[in-house]
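Participant: Assemble the complex: chain A is given as a structure, and chain B must be docked to it using the hints.
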Amino acid sequence: MHYILLVVAAVFVNNFVLSQFLGICPFLGVSRKIKTAMGMSGAVIFVMTAASAVTWVLQHLVLIPLGIGYMQTIAFILVIAAFVQLLDILMKRFVPPLHAALGIFLPLITTNCAVLGVAVLNARKDSNFLESVVYGFAAGLGFALALLIFAGLRERLDHAYPPKAFRGIALALVTAGLLSLAFMGFSGLVKI
Amino acid sequence: MYEILVTTLAIAAIGLVCGIALAIIAKKFAVKENPTVSAVEQALPGANCGGCGFAGCAAYAKAIVEDGSPINLCGPGGAQTVEAVGQIMGQEAEAPEPVMAFIKCGGDRGAAKRRSQYNGVTDCGAAHVVAGGWKECQYGCLGFGSCARACEYGAIAIHNGLAIVDPALCVGCGMCVTRCPRNLIEMVPVSHKIHVRCSSPEKGAIVRKLCSKGCIGCSMCVKMEGGVSMFMDRSLARVDYSKLPVAEPGVVAKCPVKCIIEHD
Numbered sequence: 004m005h006y007i008l009l010v011v012a013a014v015f016v017n018n019f020v021l022s023q024f025l026g027i028c029p030f031l032g033v034s035r036k037i038k039t040a041m042g043m044s045g046a047v048i049f050v051m052t053a054a055s056a057v058t059w060v061l062q063h064l065v066l067i068p069l070g071i072g073y074m075q076t077i078a079f080i081l082v083i084a085a086f087v088q089l090l091d092i093l094m095k096r097f098v099p100p101l102h103a104a105l106g107i108f109l110p111l112i113t114t115n116c117a118v119l120g121v122a123v124l125n126a127r128k129d130s131n132f133l134e135s136v137v138y139g140f141a142a143g144l145g146f147a148l149a150l151l152i153f154a155g156l157r158e159r160l161d162h163a164y165p166p167k168a169f170r171g172i173a174l175a176l177v178t179a180g181l182l183s184l185a186f187m188g189f190s191g192l193v194k195i
Numbered sequence: 006m007y008e009i010l011v012t013t014l015a016i017a018a019i020g021l022v023c024g025i026a027l028a029i030i031a032k033k034f035a036v037k038e039n040p041t042v043s044a045v046e047q048a049l050p051g052a053n054c055g056g057c058g059f060a061g062c063a064a065y066a067k068a069i070v071e072d073g074s075p076i077n078l079c080g081p082g083g084a085q086t087v088e089a090v091g092q093i094m095g096q097e098a099e100a101p102e103p104v105m106a107f108i109k110c111g112g113d114r115g116a117a118k119r120r121s122q123y124n125g126v127t128d129c130g131a132a133h134v135v136a137g138g139w140k141e142c143q144y145g146c147l148g149f150g151s152c153a154r155a156c157e158y159g160a161i162a163i164h165n166g167l168a169i170v171d172p173a174l175c176v177g178c179g180m181c182v183t184r185c186p187r188n189l190i191e192m193v194p195v196s197h198k199i200h201v202r203c204s205s206p207e208k209g210a211i212v213r214k215l216c217s218k219g220c221i222g223c224s225m226c227v228k229m230e231g232g233v234s235m236f237m238d239r240s241l242a243r244v245d246y247s248k249l250p251v252a253e254p255g256v257v258a259k260c261p262v263k264c265i266i267e268h269d
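Line by line, the protein sequences are chains A and B.
Whatever position you read off the first sequence (first residue = 1), add 3 for the working numbering.
Whatever position you read off the second sequence (first residue = 1), add 5 for the working numbering.
Next up, chain A with everything else stripped away, as it sits in the complex (with noise of 0.2 angstroms):
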């Protein structure tokens, strides 16, 4: 029952990107088109999952055992973009078409301020394992979703023919607005 709050908080109530505007720049960048929009989800669900359990490791194998838990944001960027790099190769060997799909979006989050938000979070709430790794796997879910929602609106959006001033950027910016004004409505809905 806990994994599961612990996942509906992630994606719904305290969403990364609707509620706490963590990796505004790929939810800009990469909601054109919702093909690419899966990509990028898969890539995002991926490289969190991964990062929280390498940087839950370090944490509590290096960096608390000799009392610098200060320099976590360093070393958290550090580690999750080595570790994403070795992925990549690892990918590029062995599942070509996986890579193929995700490695475009790979290097564009290795350092994305939602991977390490979630690294952070996990640290500061002191979660175990397990629950560093779900929350991050949940974490990566509520993304997807919203890139996903996003793109879905924003492909529906390139056929209207909105007023001069609105088109664009400024148009989606509104939307974003919208969207998160939407999820708000999560707020208080699970308390964890």
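Check the hints yourself; a few may be wrong.
Below are the DSSO-like pairs computed for lysine-lysine, each with C-alpha atoms no more than 27 angstroms apart in a straight line [as the list claims (entries may be wrong)]:
id, chain 1, residue 1, chain 2, residue 2
1, A, Lys95, A, Lys38
2, A, Lys95, B, Lys33
3, B, Lys214, B, Lys118
4, B, Lys248, B, Lys208
5, B, Lys263, B, Lys118
6, B, Lys228, B, Lys208
7, A, Lys95, B, Lys32
8, B, Lys214, B, Lys248
9, A, Lys95, B, Lys37
What the hints contain is simulated information worked out from the structure, not anything from laboratory work.
As the structure is a prediction and not an experimental result, all values here were calculated from the model.
Facilitator: Chain B in isolation, oriented as in the chain A frame:
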């Protein structure tokens, strides 16, 4: 002092471990890419237009090297590309006949009769589905620019409710052809200069009522040209692009509705 030392050393150590691990793994698991593929890809224009039928220049390069696809499928690259790729692959092939898109409708807002006001989605496919569009003529260009949006080169512009291809900018990739819900776009050889700018096979009396620039099927051009490269398709004069270019420039002036045009 001690804290600074520990922090610096710890972070440096993490970085060093990551770096060394990455270097070793990158070497050990490197994927050997065929150098010919990247050479062929370099030789292709890199426009990724998809005109060759593959997902992009990289996919086409791979297909040439690994599956033995023909080397002359690239329209935008033309003869130069075929020669460059041929040198790498040790093959020779004739360059594809350069083509360009031509939109077979001349009925702009002034010429074609309007049937209704359309306020829907600004997309030709959508407008076509809604009761057959806003024009009386069911074969006319709807002018919402679906083809222009498909064009990566900005070669199609909408003038007065009519899509027009700029021959200087068109590379002949053919991306626009399938976007037209009325099949008005044809890829025509660049060597052909004379085209019929109408697609309506309706009888002359009907066409005349709907559009002042539609082909009325008088067949004067076909008679004048001698039926070599032009022919009548029901009540529509057409150019047979598989034959030699129309050699009689007089047909342009002869056409009573001026729906035959000549590119320079």
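Participant: All hints are to be evaluated individually against the structure, with a verdict given for each.
Facilitator: Hints, one by one, checked against the model:
1. A:Lys95 with A:Lys38: holds, 21 angstroms
2. A:Lys95 with B:Lys33: Measuring from Cα to Cα gives roughly 12 angstroms; hence the hint holds.
3. B:Lys214 with B:Lys118: holds, 8 angstroms
4. B:Lys248 with B:Lys208: holds, 26 angstroms
5. B:Lys263 with B:Lys118: holds, 17 angstroms
6. B:Lys228 with B:Lys208: This hinted pair holds, its Cα atoms lying about 18 angstroms apart.
7. A:Lys95 with B:Lys32: With a Cα-Cα distance of about 13 angstroms, the restraint between lysine 95 of chain A and lysine 32 of chain B holds, given a limit of 27 angstroms.
8. B:Lys214 with B:Lys248: Answer violated: lysine 214 of chain B to lysine 248 of chain B is near 33 angstroms, above 27 angstroms.
9. A:Lys95 with B:Lys37: holds, 11 angstroms
Checked against the numbered hints given earlier, the structure breaks only hint 8 and satisfies all the rest.
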